[in-house]
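K.L.:
Order-wise, the sequence lines are chains D and S. Here full-length UniProt numbering is used: the first sequence runs in plain steps of one and ends on residue 294. Here full-length UniProt numbering is used: the second sequence runs in plain steps of one and ends on residue 272.
Honestly, the hints are just simulated from the structure, not real lab data. Backbone N, C-alpha and C fix where the C-beta goes; we use that ideal spot for every residue, glycine too. Check the hints yourself; a few may be wrong.
[Unchecked claim] Cβ-to-Cβ under 7 Å is the rule here; a few derived chain S residues that face chain D:
(1) Ser-95
(2) Val-120
(3) Ser-121
(4) Gly-123
(5) Ala-124
(6) Glu-128
(7) Met-131
(8) Ala-132
(9) Arg-136
(10) His-137
(11) Tyr-138
(12) Gly-139
(13) Asp-160
Listed below are the residues making up each chain.
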Amino acid sequence: MSAATAIGYNFAYLDEQSKRMIRRAILKGVAIPGYQVPFGGREMPLPHGWGTGGMQVTASVIGEADKLKVIDQGADDTTNAVSIRRFFAHTAGVETTELTAEATLIQTRHRIPERPLQADQILIYQVPIPEPLRFIEPRESETRKMHALSEYGAMQVKLYEDVARFGHIATSYDYPVMVNNRYMMDPSPIPKFDNPKMSMMPALQLFGAGFEKRIYAVPPFTQVESLDFDDHPFEVQSWEDACSICGSDHSFLDEVIIDDNGSKMFVCSDTDYCRERVTEGFVGEAPAQLETEQ
Amino acid sequence: MNNAVELLTSTSEWQDIAPLLSVRELNKFYAPGKGCGDINFDLYPGEVLGIVGESGSGKSTLLSCLSARLTPDSGQVLYNSEQFGEMDLYAGEESQRRVLMRSEWGIVHQHARDGLRMNVSAGANIGERLMAVGERHYGDIRAKAEEWLTAVEIDTGRIDDRPSQFSGGMQQRLQIARNLVTHPKLIFMDEPTGGLDVSVQAKLLDLLRNLVSRLGLSVIIVTHDLAVARLLAHRLIVMRRGAVVETGLTDQVLDDPQHPYTQLLVSSILQN
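Just chain D, same shape as in the assembly:
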């Protein structure tokens, strides 16, 4: 353990008994891909909704040799990511990194890194609402029964409403998936752009919902299918523009307003991926500046 570790706390903040309980839930989740395992959620020193579920999972699986990366909407340098990374550096004394390639544990809020993950990595999602059927069925007793009996027809209603209203499936994040042809799963609010990456991923994917006290998992090389209609197949977002910094035309782009005239630029949401491309020599085109209309 490094010298910077906080004194008076157990390794990675949670006590060993709680960690064991959470690990049991994780093991059960891995054994039943996509199934939501209830667990005794602990209080963490930040509010629910700020990633307490993901943090509890991270605290339970992290070891001294791990290298932790935390991202928030793809970025390493936003408040949520910085605080959680510092929290574990402080309480566990583990090494942290911003490089996807180097990290062994990646805790994420709402993105999957662009660089394909490897078998020796674990991706931990922060989940606000773990129940995909909640939209259509408010009763927990009923949604559990629907999962148990694989009654997922009602889920299509959400997609039907999209097509009826917008002419296409307009759900762009939190897009429901079927795991291993058995359980309907909420992939957490990642953009549907990231949905295809979940399927057959070599890395282990763990999901922690702190508020709802549920853990679920997608083991390595598990099939994850996005729902759709035969005549309205699943599609991911695409952009006409490329990243203004690294010129990437195949990554998830954020639209950023850069002045009062409505000028905008598109940049990679995954900051590490963008930086990596820049060091490899890729350059984007600077955004066109709109002139002020008098």
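Go by the hints and put chain S onto chain D.
P.N.:
Below, chain S alone, put in the same frame as chain D:
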């Protein structure tokens, strides 16, 4: 000419037709005297059975027991299923009962809000059952939803409106469409005309009668309104204090009631 009669006349050995639903010694009491007990009857394919009686006589409890929504204390409900064959409802798996509820059966609730999803469009309400049985083609689902809206006399232009924007009568018709879309064999109705004004009731009854005879549906309809029973039902069961007091053909029961309670019930209707 109703469907049951056609069936009977066209079959020489009509005694051999198997009942669709048989109820044997069914009991369900919440407290002594509260519920229904000692219920026995058969329902044949194409038959419309009315259950009448005053409030609190156990009609709705019985209907819930029959439609697999309430486990009885004792007794059997035998159903002749297309998918599962002859089955004892409560001896089998819950999954089977739930499959029946969304495929071979329809349940029309007294309050449309209990039977509809109020926060999704009319089209999605009708399409839900189709999607629940595996339909995955949006165009087909929408075409069928439009077809059924027409069948229950709702303007297809309102397919994307929510049921909360519909009138009470339209909600009730939407509920019927939502149930009929998967071509069920047996429909359970609990006071389908309750809470509607008289002219809307008449229209709904007319629609129901047409649909029932055109599609050859078997129906169990619970009502306290004898006019509804006379118009729709072939056969009646009269209930009082949780027990059956009289059964028979509708005309027979209403025109020549034998039990004192049935006589009271029939005489309580305003005559002109």
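K.L.:
So which hints don't hold here, by number, going up?
P.N.:
Going through the list in order, the structure violates no hint and respects every one.
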